[in-house]
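Q: Construct the entire structure; sequences and hints are all you get.
Top to bottom, those sequences are chains C and R. For what it's worth, full-length UniProt numbering labels the leading residue of the first sequence as 1, then goes sequentially. For what it's worth, full-length UniProt numbering labels the leading residue of the second sequence as 1, then goes sequentially.
To be clear, the hints were calculated from the coordinates, so they are not data collected in a lab. It cannot be assumed that every hint is accurate.
As the list claims (entries may be wrong) - Each computed DSSO-like pair below joins lysine-lysine, with the alpha-carbon atoms no more than 27 angstroms apart: (1) C:K59 with R:K309; (2) R:K309 with R:K252; (3) R:K214 with C:K12.
Claimed, not checked - Partner residues aside, some chain C positions facing chain R, computed with beta carbon under 10 angstroms: (4) V10; (5) K12; (6) F13; (7) G78; (8) H89; (9) Q94; (10) Y98.
All C-beta atoms, glycine included, are put in the ideal place defined by N, C-alpha and C.
One letter stands for each residue in the lines below.
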Amino acid sequence: MSAIHLHNLVKKFGDFTALKTMDLEIADGEFMALLGPSGCGKSTTMNMIAGMEEPTSGKILFGKRDMAGVPMGRRGVGFVFQNYAIFTHMTVRQNLAYGPRMRGAAKAEIDRRVGAIAEMLQLSPLLDRKADRLSVNILQRVAIGRSAIMEPAIFLLDEPLSNVDAAFRAVMRTELRQLQRQFRQTMVYVTHDQLEAMTMADRIAVMDHGVLQQVGTPLEVYNNPANAFVARFIGAPGMNLLKGKPAESDRGLVIDLGPLGVTPPLPDELAPVVRAVRGDVLYGFRPEQVTLAERGLSMPVSFVERIGARTIVHLGEGGSAVKAVFENDVGLSIGQTAVVAPPASSVRVFDAASGRAVKAG
Amino acid sequence: MSAVTATIAEGEMDAALAKPTLRDEGARLGFRLTLPAQILVLFISAFPLLMQLYISVTDWSPLSGAGWWSAWEMWNSFANYTDLAADTRFWSALERTAIVMLVCVPAEFLLGLALATLFADDFPGKRIFYSILLMPMMVVPAVAGYMFFMLFQSGGPVNDILSRIIGTPVTIAWLSDPTLALIAVMIADIWQWTPLMFLILLAGLVGVPEDQMKAATLLGANAWQRFTTIVLPKMKTIIIIALAIRVIENFKIFDTLYIMTGGGPGVATETISVYIYKVTTQDLIWGYVAAIALAILIVLSIVAVYAMKRMAKVREVAA
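A: Written as structure tokens, this is what we have:
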């Protein structure tokens, strides 16, 4: 019933195309994160699902029901706005009761539901406070409660954690996930914060410039990015991508990175597909998987960034810069030369011209 | 523990006594800078008020031959005020003013609100209609009075249009019928001042946060429910301001009305301002005029203070 299907969805604002032919299936009860940099079309997609904007072309279906022309009040979606859009002239109780009241629920029924939702979100002691004197953290709960009280089959959240402080964000991530498990609604969550997407979502839809780049579980997206954009965007720091040419050597197929030398040989399953690529490729590996080695890419250390538990070492510069994440006691300092090597299994190769991943099979 | 706190508090107090704070210095400089303006305001508001109060307890008139400062010689022991209480022409003028206000202000408010709601959304030709709509407000009231004087002549355009609609000649003597004259005067006021109401209310309406409206829609509120639960509560302050402005202004209704009817026929459209004008220019009993004016001032001040209080309260609740 509450699965969401987006078919060939296009949205244009005048000459500007916000969304180019999007196809996405969101299963019933799934937690889907729409992830991408600002202006990638994720909010536009969400607004179209909510009915705030009509698609230029394409279809939105909830289950089997076509949503074209269904006004936003009748779609049965809960929506949490980025700035919460709390009714500031009302109390917390009035905010929570708004939906049922507008639909003409009985007084006793409203009281019961408000009580239950307030209990669940720990808002009970605040029920009679004016909504304009609450902290952002509380507003956030009120916004969620106000939508949740309607028990919508589909819950849409537009960057709900972008305004709250870091400590509370961690708490809310867990809470939102639990909330969703409890209700089993279909949840669509728009964010530009990959940490939120990675920790909460069942699947992530990565978007850029109005184009859906990849849909997959957090680990799929992290481990096997579909293209160079996703590789760079996911992960902190993102995947290292070095441009080079495939070259044969006596140890197998390697990538010739020009002044950086040649890479260790590619794993056997990658070699045949990389051989088939005409032109340059991008040699990719995760900073976290880099190890110091006897043989490998020898690069000068240009900067050492200590972030507590770990240390990010910047190697080389310009087009051939690489980041590597080590334990915090790594013995490298600026000016030294480090020899790094990614384990063969962690290497990903992309077609430099199209950006697409070059994969076996 | 408490001893320590007390010592600190004392220390702070000493410091505060020894050196004027920045805030005090700022206040003192502010006072000095605004002093000339304060004196000016004192002369243009306090002085006439005191003079009025002084004259209002005398029989002084400009024809008495004496300067106003020697009006005390004509002291009449509050006779002006006792006369006022018994002055039926004054009381019926006051009643008429109240009727005009009770019809015009709500009409202007409802029309203004309806127009503002209409103009909050986009429609083709909005900007042109917007300019046209604001025009009445910019017409000099005396000119507006003359316009409506012409419109409501028995051979004028209003009757002409009515006869075209009905099909038989209409010759209503608008301005010489006591009831119709009052209605004509009210129409002129509504025509001229609805735009102001519209403008203020539109400003309030566009200030209603759009996302809260969207949230209400998503929660299932229909247009009317959104209007009553979100728009009106958010506009409370601005509505009170708009109503207060129009109540006070409408109470002083004069120029348009005086040109249209001169307060007539008889005293049928004689409002409080027209009455004061007539007593001032025709009867020339200025001591009495001062007494009337002072009484009106007190009434209007009560309205104004009430409005301000409500406004402060609403703002406190809304803020």
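Q: Hint by hint, note whether the structure agrees.
A: Each hint, compared with the structure:
1. Of the supplied pair hints, the one linking K59 (chain C) and K309 (chain R) is violated, its CA atoms being roughly 54 angstroms apart against a limit of 27 angstroms.
2. Between the alpha carbons of K309 (chain R) and K252 (chain R) the distance comes to roughly 22 angstroms, so the proposed pair stays at or under 27 angstroms and holds.
3. A hinted pair counts as satisfied when its Cα atoms are at most 27 angstroms apart, and K214 (chain R) with K12 (chain C) qualifies at roughly 21 angstroms.
4. Residue-level restraint check for V10 (chain C) is violated (minimum Cβ-Cβ distance to chain R is 23 angstroms; threshold 10 angstroms).
5. A cut of 10 angstroms between beta carbons decides the hint on K12 (chain C): the least distance to chain R is about 19 angstroms, and the hint is violated.
6. Because the closest C-beta pair between F13 (chain C) and chain R is about 15 angstroms apart, greater than 10 angstroms, the hint is violated.
7. For G78 (chain C), the suggested interface contact is upheld, since its CB lies about 8 angstroms from the closest CB of chain R, less than 10 angstroms.
8. The interface hint given for H89 (chain C) holds, since its Cβ lies 5 angstroms from the closest Cβ of chain R, which is under the 10 angstroms cut-off.
9. Taking 10 angstroms as the C-beta contact cut-off toward chain R, the hint placing Q94 (chain C) at the interface holds, the least distance being around 9 angstroms.
10. At about 5 angstroms, the closest approach between the beta carbon of Y98 (chain C) and any beta carbon in chain R falls short of 10 angstroms, and the interface hint on this residue holds.
Hints 1, 4, 5, 6 from the list above are not met by this structure, while the remaining hints are.
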